[in-house]
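> Letter by letter, the chains look like this.
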Amino acid sequence: MTYAPGTADSAVSAVLAESVVQSVDWLAVAPPTIVAVAAVALLVADLFVPGRAKHLLGWGAVAALALSLLALLPLLDGDRGTFCLTGEPDVCSYTADRFALVVQFLVLAGALLAALLSVHDVRATRLPAGEFWFLLLASAAGAALLPAARDLATLVIALEVASLPAFALVGLRRGDRLSAEAALKFFLSSVTATAVMLLGVSFVYAAGGSLHLAHLAHLADGLAAAPERLETLAAAGVVLTLVGFAFKTAAVPFHFWVPDTYVGAPIPVAAYLSVVGKAVGFSGLILVAVLAFPAYDHVWGPAIAVLAALTMTAGNVAALRQRLDAPHSAVRLLAWSSVAQAGYLLVPIAAAGYADEPGRAVGATLSYALMYGVVNLGAFAVVAAVAAKGGRDSQGGRVTDYRGLAATRLPLALALAFFLINLAGLPPGIIGLFAKVAVLGAAVDAGLGWLGVVMAVNVVIGLYYYLKWTALLFRPAAPAAETATPVSTAGTTGGTGSAGPVAPAAPAGTLRPAGTAPLTAPLRGAIGLTAALGIALSGAPQLVLRFAGEALL
Amino acid sequence: MNQTAMQLVLAAIVVLPLLGALAALFPAPPGLKGKSPDQAVLRHGVTVTGAVFVLSVVLAAGFDHDADGPATMQAESDVSWIPALGIRLHLGVDGVSLPLLVLTALLTFLCAVYSYFTMPAGPSPRAFVALLLVLEGGMLATFAVLNLLLFFLAFEMVLIPMYFLIARWGGAGRGPAAWKFILYTLLGSVVMLLGLLLVGFKGGTFDMVALATDNGSGLTRTTQLIAVLAIGAGLAVKTPMWPLHSWLPDAHTAAPTVGSVLLAGVLLKMGTYGFVRILLPVAPDGMETYAPFLAAFGVTGILYGSLACLALARNGARGDLKRLIAYSSVGHMGFVLLGISTLTPTGVNGALFANIAHGLITGLLFFLVGALKERTGTTDLDALAGRTGAALYGSAPRLGALLAFGAVASLGLPGLAGFWGEMLTMFAAYDPAAGLSRPAYLVCMAVAGFGTLLTAAYLLVVVRRVCMGDRTAPGAGDRRPLGDVRRYEIAAWSPLVTLTVLAGLWPAALLGLTDPAVQKLLAGGS
Chain X
2 MTYAPGTADS AVSAVLAESV VQSVDWLAVA PPTIVAVAAV ALLVADLFVP GRAKHLLGWG
62 AVAALALSLL ALLPLLDGDR GTFCLTGEPD VCSYTADRFA LVVQFLVLAG ALLAALLSVH
122 DVRATRLPAG EFWFLLLASA AGAALLPAAR DLATLVIALE VASLPAFALV GLRRGDRLSA
182 EAALKFFLSS VTATAVMLLG VSFVYAAGGS LHLAHLAHLA DGLAAAPERL ETLAAAGVVL
242 TLVGFAFKTA AVPFHFWVPD TYVGAPIPVA AYLSVVGKAV GFSGLILVAV LAFPAYDHVW
302 GPAIAVLAAL TMTAGNVAAL RQRLDAPHSA VRLLAWSSVA QAGYLLVPIA AAGYADEPGR
362 AVGATLSYAL MYGVVNLGAF AVVAAVAAKG GRDSQGGRVT DYRGLAATRL PLALALAFFL
422 INLAGLPPGI IGLFAKVAVL GAAVDAGLGW LGVVMAVNVV IGLYYYLKWT ALLFRPAAPA
482 AETATPVSTA GTTGGTGSAG PVAPAAPAGT LRPAGTAPLT APLRGAIGLT AALGIALSGA
542 PQLVLRFAGE ALL
Chain G
1050 MNQTAMQLVL AAIVVLPLLG ALAALFPAPP GLKGKSPDQA VLRHGVTVTG AVFVLSVVLA
1110 AGFDHDADGP ATMQAESDVS WIPALGIRLH LGVDGVSLPL LVLTALLTFL CAVYSYFTMP
1170 AGPSPRAFVA LLLVLEGGML ATFAVLNLLL FFLAFEMVLI PMYFLIARWG GAGRGPAAWK
1230 FILYTLLGSV VMLLGLLLVG FKGGTFDMVA LATDNGSGLT RTTQLIAVLA IGAGLAVKTP
1290 MWPLHSWLPD AHTAAPTVGS VLLAGVLLKM GTYGFVRILL PVAPDGMETY APFLAAFGVT
1350 GILYGSLACL ALARNGARGD LKRLIAYSSV GHMGFVLLGI STLTPTGVNG ALFANIAHGL
1410 ITGLLFFLVG ALKERTGTTD LDALAGRTGA ALYGSAPRLG ALLAFGAVAS LGLPGLAGFW
1470 GEMLTMFAAY DPAAGLSRPA YLVCMAVAGF GTLLTAAYLL VVVRRVCMGD RTAPGAGDRR
1530 PLGDVRRYEI AAWSPLVTLT VLAGLWPAAL LGLTDPAVQK LLAGGS
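Here the protein sequences come in this chain order: X and G. When you line the first sequence up against our numbering, it's residues 2 to 554, in that order. When you line the second sequence up against our numbering, it's residues 1050 to 1575, in that order.
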């Protein structure tokens, strides 16, 4: 507009220049950008930092994540978009609206807590520091980009940026067979899902003629009138596109990788995957389903509802069948429980397919995810603390090892009990209860009564294993010579009960002596932070439940 | 008393136990150390529950008993808590909830006093007291809140403490019994939550008073039918209604004495209270449709409970006395359900009366059986009675007399509390609300009447086998002499005995409270 209308040539070049040169709202894109820049900076810094000072890299990562969280603050005043189409300033590739900000907060805060847990773990298990922090931050940057992405290409790229470093993170424990296997399983199933999703995206592009979610919604609305031949293609594209995100949330039938991957990965990475990985999945699912395919809600609504029912049931039943005295059963149980929780997260998204105001229905997912993020990271933090205490022997991490924790470490036991009861959704875990109420409310409101009943039954199944673990914490510790006792839960593996004051001799190679050594500051900080958050939210559930009552998209 | 003071008293009644539970976890402050940490924390429990009981008496004293007083919500406070879900901290009492509130505070206080002297065998008293106080907070909140989702929260709050009370301080078979209790009740209450959400969304509010005033006008018939089915299922598990009762005998048998007293005395009432407070006024059409079924299940429960008790009381059945009382609860709660299902003021008043009476009498009976177990080490009826009978009259006359008193009160002897509830219920079944099939209710009444006969039969058999007998008979010589009633036991039991007699002789005191409120609830808040 500043150009004077001169020759035809200059007019064309002006239009071209306008369409190529964009002004970027750096403030809007700051949160993912800060993390991404910090990732590269830490990788480079790793080359120059002497081995003794490597732990400073961890604190650098923590600081970067905290900074990016602060960068969310100036965005609260209103929606901002950037990378918009020149012709249509409403159609942007990156939008920092309330939905994006909430998910970014969840992702960055989750990554921050996972980083706090890792500070200890990276040193204790001698992971390569530079690589670890680079991968963690890179993945977090992708995860933070995804909820703000508003076109399919950006979504796919963000999903891959979030996923690819995660494969490496899982496999980072060099020389550990379990770790390599976990990474391979994770990688192969993830790549398959991505391939299927790309196929779906190409179908959608073919049928809709655009990659922008806003365009797709518009075109899909008019699709019935225009090319009728393409309707099947579009519907197939819609379903296939959802597959990739369903994989990231670990929905059935894409859930088999979860337990093995969580067990093989370092505990903080498992915690990261269980919260941030899921956030990536469900936010992508919400964006695609609600923003791009509102005209196909008769396709994805029932599909996600069935997926939700199957996922929660499969996760809970598997968790129920998990032997408590098997090696790594603590992490395995949390893994299966996270599958079940993913099912609950999907319920409001399915309800959005039936509701008049889909943007409002999905709010319950965000509320639930915020609650889940806090208490699940808390539970993983306690597991990490117990593992750090007992030494990482091959038999470690059994749920039966937690027996009698209340006698030796009361605060730790109380914290874990609180987190587990929140996951189960019973008072005194008030926030867990009301988050479930919000999710059930979304289902009932949308007329999905059957899904509500399925979820109700699942909540009862879930209670069984959560409460079993909780009750174990407060039972008197097994006598030191476990083999001699007829306690059935101690079972066949006996001999090396590592909970309690008498721990077995730590195998060579573990740095931390077993026993009741004090927790490191970051671990204590992570547990304290999540516990304080959980208690604060239980007193004022409105803090997260407000999202269940408003239209976010 | 002015309104603000009443509000504060009611809020304190709900909050004080929870604060007390928190405080119990910390070591006693200097000056309150007592003889030992255990003694200090048990005394802390007595203090807190005592304070709550005093407050509940103050509340009852300040309650407006005049003509229309009990029908209006009093001591009402209404504060927003979670606007996103429409949850407000809405508290209040009327004639329906006040007696239950006082009963709860009384029974918990007596339990705290009793366990101060005989702490049940198990881990540290610190956790015991904390759990007992959380339990009390949940029970009191159930009767004091006026928001559907808050009611659900309070309903759930009792689960975890009761689970641990049974699982950690209970008797034989406590593990499976505790699981059965919590899984059954949770399944019921989650289904109830679905119904509550449905009512809340379709009715536009979660406020019980507003919904009661609407009296179902905002809900379609289909919604009401689904809501009553879902909410009723949850409440019926808690009540418990036959055939959803099977968690109850195990839980009562395995629980420690204090746990059994509170389970039978208060927790069961939460179910029937929900029927009266929520379902009757909020979904009248739905209730009318299901009322005959409720009545049928109720009288089946009466019959089933008494027959099960008769079988347990038989010679050589190795029946457990606690289990027998538990089954008798199924029968008594059947009467309550029958009363509610008549949908008449008479029936609902009778049901509420039977509720209170059952709380007093069964609480007393569980205390007595607990004392018996403590003295003899068993509750097995055959082991107790031997060949001729346990001869409690001879060896511990006061204990025997109290047991006989509890038994005849439980079988509904006129002049004692158990009588009025059953009589009013059957009276109402003779003339149910318009629109209900009278012949069906007449059949129910006849069956219920037969049930009272059976009840009398088994309770008298129990009295015969436990209280009477030949002390000098062969085989009885090796029995240790039993200690008679101790002073703290008198302290813990005499309020229950007094109130049982008082409610039997002067039922108007209680009915005057409940009747105006019931009339209003049935008429839809007008």
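Source of the hints: derived by calculation from the structure; they are not laboratory data. All residues carry an ideal CB built from backbone N, CA and C; glycine is no exception. Treat each hint with caution, since some may be false.
Stated by the list, open to error - If the Cβ cut is set under 8 Å, some of the chain X residues that face chain G in the computed set are: (1) V461; (2) A472; (3) I536.
> Tell me the numbers of any earlier hints that the structure contravenes, in ascending order.
3
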